[in-house]
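Start from the sequences and build out the full structure, keeping to the hints where you can.
Number of protein chains: 2
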Amino acid sequence: MKLTPKGRATRQRIVEGAATYLRGTDPGTATLDDIRTVTRTSKGQIFHYFPGGKDELLLAVARHEADRVLLDQEPHLSRLDSWASWTDWRDSVLARYRSQGRRCPLAALMDQVTTTPGSVEVVTELLDQWQRRVAAGVVAMQEGGRVSTDLDPARVAAAFVAGIQGGVQVLRATGSTDHLEASMDLMIDYLRAA
Amino acid sequence: MKLTPKGRATRQRIVEGAATYLRGTDPGTATLDDIRTVTRTSKGQIFHYFPGGKDELLLAVARHEADRVLLDQEPHLSRLDSWASWTDWRDSVLARYRSQGRRCPLAALMDQVTTTPGSVEVVTELLDQWQRRVAAGVVAMQEGGRVSTDLDPARVAAAFVAGIQGGVQVLRATGSTDHLEASMDLMIDYLRAA
DNA sequence: CCATTTTTGGACTGGCAAGTCCAGAATTTC
DNA sequence: GAAATTCTGGACTTGCCAGTCCAAAAATGG
Chain A
7 MKLTPKGRAT RQRIVEGAAT YLRGTDPGTA TLDDIRTVTR TSKGQIFHYF
57 PGGKDELLLA VARHEADRVL LDQEPHLSRL DSWASWTDWR DSVLARYRSQ
107 GRRCPLAALM DQVTTTPGSV EVVTELLDQW QRRVAAGVVA MQEGGRVSTD
157 LDPARVAAAF VAGIQGGVQV LRATGSTDHL EASMDLMIDY LRAA
Chain B
7 MKLTPKGRAT RQRIVEGAAT YLRGTDPGTA TLDDIRTVTR TSKGQIFHYF
57 PGGKDELLLA VARHEADRVL LDQEPHLSRL DSWASWTDWR DSVLARYRSQ
107 GRRCPLAALM DQVTTTPGSV EVVTELLDQW QRRVAAGVVA MQEGGRVSTD
157 LDPARVAAAF VAGIQGGVQV LRATGSTDHL EASMDLMIDY LRAA
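Chains as they are written, first to last, in my numbering: chain A, 7 to 200; chain B, 7 to 200.
Simulated from the structure, these hints should not be mistaken for laboratory data. Here a beta-carbon is modelled for each residue, glycine too, at the ideal position from N, C-alpha and C. Zero decoy hints are in this set.
Incomplete in silico selection of chain A near chain B, CB under 7 Å:
| id | residue |
| --- | --- |
| 1 | Asp117 |
| 2 | Val129 |
| 3 | Thr130 |
| 4 | Ala164 |
| 5 | Ala165 |
| 6 | Gly169 |
| 7 | Gly172 |
| 8 | Gly173 |
| 9 | Gln175 |
| 10 | Val176 |
| 11 | Ala179 |
| 12 | Asp184 |
| 13 | His185 |
| 14 | Ala188 |
| 15 | Leu192 |
| 16 | Ala199 |
Okay, here's the thing in structure tokens:
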């Protein structure tokens, strides 16, 4: 599909408008007409830029949200080289999800797009990058001699990702950040002990 | 609502039939007519036993599935009093989810019922009981002198629940049990060190 | 057995929302 | 500046599916 500058702008307006809108409502019940209204576009435009229809649009929005997940953890996530930086990171993650409340835009979107093949790729990609950065942090600590080199950085990072993921899920279900906090604290303690 | 024995049997047939059916397909796309067909019931019956319609039926199925989650972890979950029992538990959880593959019946259902008030209660109740049992296990280990009494059992248990939850979520998304495994191993190691 | 209540079947409705279509405006391209 | 392409608006089609309704069959109970 050929896109002129104007077209690119419109497409972007749709994705961003939809993202903002979907952050405030259950994507499961949102209709294309809702999105049309809020982004001030016509049916023709929607299907012009997203020939695959609703699924394709939602997936584009999910991609957009996925990018934000890691960005919101910066600059901490890329500089996990001291104990202080790890707790700073912990605090920033907690703060982010606390303020977000029980709404997790990405998770809510993924619930809608489950079956499509592209959706798997979006999540896999995100988890992968996330885990890689944490692993890099573990390596940095090992190089600094603060953490035993017996630990497998990839494995520890996998546990971190899982723990955070689970904490957020509990947050979504119950509204409490206790689990997220307990999980991150336990894992950082684990590193300290090693 | 008054239920005769016959009525109770029918209601149960519907819930169980729907549960079995929904384990094999995406609950998001399943229609009442699908469930009708597979449970051999009529529209009249469905709405007779579930006046709240689809939501109420799905919620009943979710309750049914929630009960299974903890049952499937027995007898290990109730006897976390030695290191061997913890690893047995770990193995049973891993085995269960590995065989389930990327399908998590409960999670898939909850995605559908998110907004209703009863759904929150189902999850909260489940997580609560789960956490309580793990915490009991930690206490048992402390009483046996194998784990430091400095640890807050509730907090550790919360981390376990979060870690498992997250591991399962990653499994759903990527199909790999690596994260679940890494998470449980790390947490058990943490206990061992304490 | 008669009255009452529960259970069952299935035709029908109603509305919603995804997706189609096409005509006309804007823009690019040469 | 004319032809080709891209962009936009919105009316219309279409199918689906939750939920309604009622009549008749079974069970219950006195």
